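Peer 1: These are the residues of each chain, in order.
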Amino acid sequence: AQKVTQAQTEISVVEKEDVTLDCVYETRDTTYYLFWYKQPPSGELVFLIRRNSFDEQNEISGRYSWNFQKSTSSFNFTITASQVVDSAVYFCALSETSGYSTLTFGKGTMLLVSP
Amino acid sequence: DAGVIQSPRHEVTEMGQEVTLRCKPISGHDYLFWYRQTMMRGLELLIYFNNNVPIDDSGMPEDRFSAKMPNASFSTLKIQPSEPRDSAVYFCASSPPDRGDTEAFFGQGTRLTVV
Numbered sequence: 117a118q119k120v121t122q123a124q125t126e127i128s129v130v131e132k133e134d135v136t137l138d139c140v141y142e143t144r145d146t147t148y149y150l151f152w153y154k155q156p157p158s159g160e161l162v163f164l165i166r167r168n169s170f171d172e173q174n175e176i177s178g179r180y181s182w183n184f185q186k187s188t189s190s191f192n193f194t195i196t197a198s199q200v201v202d203s204a205v206y207f208c209a210l211s212e213t214s215g216y217s218t219l220t221f222g223k224g225t226m227l228l229v230s231p
Numbered sequence: 002d003a004g005v006i007q008s009p010r011h012e013v014t015e016m017g018q019e020v021t022l023r024c025k026p027i028s029g030h031d032y033l034f035w036y037r038q039t040m041m042r043g044l045e046l047l048i049y050f051n052n053n054v055p056i057d058d059s060g061m062p063e064d065r066f067s068a069k070m071p072n073a074s075f076s077t078l079k080i081q082p083s084e085p086r087d088s089a090v091y092f093c094a095s096s097p098p099d100r101g102d103t104e105a106f107f108g109q110g111t112r113l114t115v116v
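If you read the sequences in order, they're chains A and B.
Using the numbering used here, you'd call the opening residue of the first sequence number 117 and step up by one each time.
Using the numbering used here, you'd call the opening residue of the second sequence number 2 and step up by one each time.
Just chain A, with the same shape it has in the complex (with noise of 0.2 Å):
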């Protein structure tokens, strides 16, 4: 069975400081999906990025950056130079792609940006 881990419930920063969100898997399969949603106060949820488990390369998207590591089953989200817009509940997920797979998601993580 597919768990994703999200061990930090809340973390606060100030604003401009770096920050990273962890995440850690697990699964049976070789092929499969990680993602990271955010979800603002206002309640949806928003794609941020989709993996594939043979793409190991780190991804940057302006200020934010993603790390996947399969030899510590972990895909771990950074957050650089945080802004207090990025106040948010950040969420892993997992999807296998043998058979009819869905996504399965961490608990969250809530970010807390101060200014």
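Bear in mind the hints are in silico, worked out from the structure with no lab data behind them.
Remember, predicted model here, so these are calculated numbers, not experimental data.
Honestly, I wouldn't trust all of these hints.
What the hints assert, rightly or not - Dumping the calculated DSS-like pairs for lysine-lysine here, alpha-carbon to alpha-carbon at most 27 Å:
#1 B:Lys25 / B:Lys79
#2 B:Lys79 / A:Lys223
#3 A:Lys119 / A:Lys186
#4 A:Lys223 / A:Lys186
#5 A:Lys154 / A:Lys186
#6 B:Lys25 / A:Lys154
Model the placement of chain B on the given structure of chain A, informed by the hints.
Peer 2: Relative to chain A, chain B alone:
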């Protein structure tokens, strides 16, 4: 496309009443998912459909919950009778046929309060 559309956005009802949540998936998507989000349990998959057929309803908490997808553009999640512990945010999401290579697109959710 307008994205996944859910209605109502907010619902307050009395215990024992029937509640119906509605979802219109993105046109062309043939997977539809219903998720429930609570503080205690996070995001949980309730049921999902493929081509209007329920594939996995193992996440439906009990017989009071039922879901239907009469056509490709509409789905309902019904709770009868509702209980206070059903209070949660219910998300509908849809994915295109090649969903293993893409993310699920989420609606804005329905916040249900049962008093």
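Peer 1: Run every hint past the structure and note whether it holds.
Peer 2: Here is how each hint holds up against the structure:
The suggested pairing of lysine 25 of chain B with lysine 79 of chain B holds, with an alpha-carbon distance near 15 Å, which does not exceed 27 Å. In summary, the hint linking lysine 79 of chain B to lysine 223 of chain A is supported, as the alpha carbons are separated by about 25 Å, within the 27 Å threshold. With a CA separation close to 15 Å, the supplied pair lysine 119 of chain A and lysine 186 of chain A stays within the 27 Å bound. A distance of roughly 21 Å separates the Cα atoms of lysine 223 of chain A and lysine 186 of chain A; the hinted pair therefore holds under the 27 Å criterion.
Proposed proximity of lysine 154 of chain A and lysine 186 of chain A is supported: the alpha carbons are some 23 Å apart, at most 27 Å. With a CA separation close to 22 Å, the supplied pair lysine 25 of chain B and lysine 154 of chain A stays within the 27 Å bound.
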